[in-house]
Amino acid sequence: MSQTQNIAPAAQPQPSRPCVQRPGMYIYDQYDQRIVDERVSQFRGQTQRYLTGELGADEFMALRLMNGLYIQRHAPMLRIAIPYGLFSSDQMRMLAHIARQYDKGYGHFTTRQNIQFNWPKLETVPDILADLASVQMHAIQTSGNCIRNTTTDPLAGVAADELEDPRPYCEIIRQWSTLHPEFAYLPRKFKIAITGASRDRAATLVHDIGLRLVRNETGEVGFQVSVGGGLGRTPMIGQTIRPFLEKQHLLSYLEAIVRVYNLKGRRDNKYKARIKILVASLGMDTFRVLVEREWGNNRDKLILDQAEIDRVKTFFTPLPYDADAASDKRHEGYANNNDDFARWLKYNTFDHKVEGYRGVFVSLKAPGIAPGDITDKQMDLVAELADRYSAGLIRSTYEQNLVLSDVKQGELYPLWQSLHQDGLATPTIGSINDMICCPGLDFCELANASSIDVADMIQRRFEDLDYLYDLGEIRLKMSGCMNGCAHHAIGHIGILGVDKKGEEWYQLTLGGFAETTAELGQRLGRAVSKDEVADAVEKIAHVYVEQRIEGEQFIDTFQRIGIVPFQERVYADN
Amino acid sequence: MQIIKNRQIIEDRWQHIPDLTDGVTTDTLPAGDIIVPFSLWQSDKEQLLQHSGGLGVRLNSDHDVAEISPDLSHFAIVALQFPSFRDGRSYSIATALRQHYGYTGELRAVGNVLRDQLAYMERAGFDAFEIDASQTIEDALNAFGEISVKYQTSSDEPLPLYRRRA
Ligand code: SF4
Chain A
128 MSQTQNIAPA
138 AQPQPSRPCV
148 QRPGMYIYDQ
158 YDQRIVDERV
168 SQFRGQTQRY
178 LTGELGADEF
188 MALRLMNGLY
198 IQRHAPMLRI
208 AIPYGLFSSD
218 QMRMLAHIAR
228 QYDKGYGHFT
238 TRQNIQFNWP
248 KLETVPDILA
258 DLASVQMHAI
268 QTSGNCIRNT
278 TTDPLAGVAA
288 DELEDPRPYC
298 EIIRQWSTLH
308 PEFAYLPRKF
318 KIAITGASRD
328 RAATLVHDIG
338 LRLVRNETGE
348 VGFQVSVGGG
358 LGRTPMIGQT
368 IRPFLEKQHL
378 LSYLEAIVRV
388 YNLKGRRDNK
398 YKARIKILVA
408 SLGMDTFRVL
418 VEREWGNNRD
428 KLILDQAEID
438 RVKTFFTPLP
448 YDADAASDKR
458 HEGYANNNDD
468 FARWLKYNTF
478 DHKVEGYRGV
488 FVSLKAPGIA
498 PGDITDKQMD
508 LVAELADRYS
518 AGLIRSTYEQ
528 NLVLSDVKQG
538 ELYPLWQSLH
548 QDGLATPTIG
558 SINDMICCPG
568 LDFCELANAS
578 SIDVADMIQR
588 RFEDLDYLYD
598 LGEIRLKMSG
608 CMNGCAHHAI
618 GHIGILGVDK
628 KGEEWYQLTL
638 GGFAETTAEL
648 GQRLGRAVSK
658 DEVADAVEKI
668 AHVYVEQRIE
678 GEQFIDTFQR
688 IGIVPFQERV
698 YADN
Chain B
70 MQIIKNRQII
80 EDRWQHIPDL
90 TDGVTTDTLP
100 AGDIIVPFSL
110 WQSDKEQLLQ
120 HSGGLGVRLN
130 SDHDVAEISP
140 DLSHFAIVAL
150 QFPSFRDGRS
160 YSIATALRQH
170 YGYTGELRAV
180 GNVLRDQLAY
190 MERAGFDAFE
200 IDASQTIEDA
210 LNAFGEISVK
220 YQTSSDEPLP
230 LYRRRA
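Chains as they are written, first to last, in the working numbering: chain A, 128 to 701; chain B, 70 to 235.
Same shape as in the complex, but just chain A (with noise of 0.2 Å):
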């Protein structure tokens, strides 16, 4: 290979390989292995070709989204695949070693549960994408106008309100969609959510193809199919396609709807060319007629087999867990103890459904940090706590926190002196300080405003914990732009950034959710400016406490009372 003038840094020592997979997440074989090996000697062979000027500009940029790489306002953008959100310290430490080697020492988690990194050189992509490779990652369809990273509920497996474990199903998904030959060149990116859970906690309802494993009259568990939501410029809550689904339909059934939006989808507009303008466009009876036709060329040839179902499981049965782990009450006592452990434990962990256990939220929300940001040196240690305290298993969660979903209460304390020492203790999960944001003006070239600087307005008005415990669940989501990626439409509070005149200026919605059903937030008011931000949003909080009857949550209060309250008060003075 050619010499670089932009020679990195001297080579940092990478994680010890190979790695070691660990059992509770799909370990690939050599198949798998040899597909993301072949892509990414691919895709150096077109960086090659892009950088010597036989691959067009225009043309590359296809291939490298399909990577994952963007070219971005200061620099690349790469984003790496951590497919439904579930990962290992090895994994986790290779993209320490990524920070640390090809970026500025950071990396930034996603509302997809992905990992992003802004300022990777073009000329070494190909390099981080072999590094990626050696454990087992990848950042194969990360971005284009293909079937994207199938997302998931970040408690799957160790939640309490589970019927079944969606992760194999995410699994099947990843590999039927990996460099599907059909599917590569569609109108638009292509998003699928699964949860398994009576609480939605993947957003299925606004995506592309939302799947929910639900038991029907005779007692099988199968997927209730939705299509057609989705945020964005012309958000819109998904509608149900197939009440039930049986499993061994599953990639059938995908496929027809895929191909029908790949043939009938709009082309000639790219704000109306996700398949949740085709659905609306036809109706869905008729967009249902389509599809179901399309579904009978192939329902009985493209069958999941139990077989593969049953094998992809084994990858996900439970944990060893330890039978004596409910009889270890220390963290009982440190809480009694230390205000800052009890109230941590009472926010940032949650249930088990073994006794004995609870998992553990990280927060990437600490002030003054932008949301999901993490630190090359926060990776590696969450990666040793990993190994020390959960089975050495990381997930990522749409609300842009990690999890350690296999905590022995006994060791609880231990965890959290560590995870409080570097800043990934901050114990607001779930407030309107847990807040979603995109990278706004700071990062994306797509961005009217910023969101990041907002974020930390708005943190700094609820400083104090016991206000903020007060206000109880608030999901608060901020993009910097129409194409919402940060999902402001479904935020009980959103904020979006718009342009006037070149100006930053932020439209407020309330009553959005998609935590059960789903709904569109209601558009407040005219947009305020910047400085206005934190006070609206104070405002807010501040009608909800007064008007709040017993056991309401702001959303419930917000259901009950409307939006007119709200506006009264932010717009008083105007």
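Read the hints as simulated data drawn from the structure, not as lab findings.
Note that the coordinates shown come from a computational prediction; the quantities given were computed from them, not determined experimentally.
Don't take each hint at face value.
Claimed, not checked - Under the rule of at most 30 Å between Cα atoms (straight-line distance), these lysine-lysine pairs were calculated in the DSSO-like manner:
no.	chain 1	residue 1	chain 2	residue 2
1	A	K374	A	K428
2	A	K666	A	K316
3	B	K114	A	K391
4	A	K440	A	K316
5	B	K219	A	K374
6	A	K428	B	K74
7	A	K374	A	K391
8	A	K666	A	K473
9	A	K391	B	K219
10	B	K219	A	K428
11	A	K628	A	K397
12	A	K316	B	K219
13	B	K219	B	K74
14	B	K219	A	K440
What the hints assert, rightly or not - Stretches of chain B that chain A covers, calculated by requiring three or more beta carbons in the stretch to come under 8 Å of a beta carbon on chain A:
no.	region
15	114–127
16	160–171
Quick reminder that beta carbons are idealized off the backbone N, C-alpha and C, glycines included.
Following the hints, put chain B with the ligand in place on chain A, whose structure we already have.
The following block gives chain B with the ligand in isolation, referenced to the frame of chain A:
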């Protein structure tokens, strides 16, 4: 003109008859093997069936493949258009022709046909490629073998990988 057929560079003798909008009628057809636009086939079927040379048909990416399916036996070639490499409809049309209508003749990719899409096109069922003039045809041949694992079924692979894993 040179094209790729079954992963080999060959000299091609077929002539494309331009779309009807260009004023073409069956009276002005050249002798020899021709690929006609679907619209011409629709309007002049009987005359075209009298044509002495070979007959192929060309579909735009917005054509409904069901319309041509009853007539497939008349064609030695079905050519599918890629107005831009980003227009992916012809992958699904090719899939339908091969898998649902049992078409076994030549399936030819025409238009903005570039090296880096060839492997996907081949998997979808194409076996012949009129490579865009901007590309080096010899180099394009390298595109086919880049990825050797196929997770999913397609026109080139009736079984998903889960039925083939060793
Ligand atoms: S919402 Fe807009 S500004 Fe924010 S990341 Fe998405 S495209 Fe960029």
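Tested hints:
1. K374(A) - K428(A): holds (14 Å)
2. K666(A) - K316(A): Between K666(A) and K316(A) the Cα gap is close to 37 Å, so the pair fails against 30 Å, i.e. violated.
3. K114(B) - K391(A): Holds, because 27 Å separates the two Cα atoms, which is no more than 30 Å.
4. K440(A) - K316(A): holds (28 Å)
5. K219(B) - K374(A): Holds, at about 22 Å.
6. K428(A) - K74(B): holds (28 Å)
7. K374(A) - K391(A): Distance of about 26 Å is within 30 Å: holds.
8. K666(A) - K473(A): At roughly 27 Å apart (the allowed maximum being 30 Å), K473(A) and K666(A) satisfy the hint.
9. K391(A) - K219(B): holds (26 Å)
10. K219(B) - K428(A): Given pair K219(B), K428(A) holds - Cα atoms ~17 Å apart, limit 30 Å.
11. K628(A) - K397(A): The hint holds at about 24 Å.
12. K316(A) - K219(B): Distance ~22 Å between K316(A) and K219(B) Cα, so the pair holds.
13. K219(B) - K74(B): holds (21 Å)
14. K219(B) - K440(A): Cα-Cα ~21 Å, so holds.
15. 114–127: Our answer is that it is violated, as 0 residues pass the Cβ test (under 8 Å) against chain A, missing three.
16. 160–171: As far as the region 160–171 of chain B goes, the hint holds, because 7 residues have Cβ atoms under 8 Å from chain A.
Of the numbered hints given earlier, the model fails hints 2, 15; all others are met.
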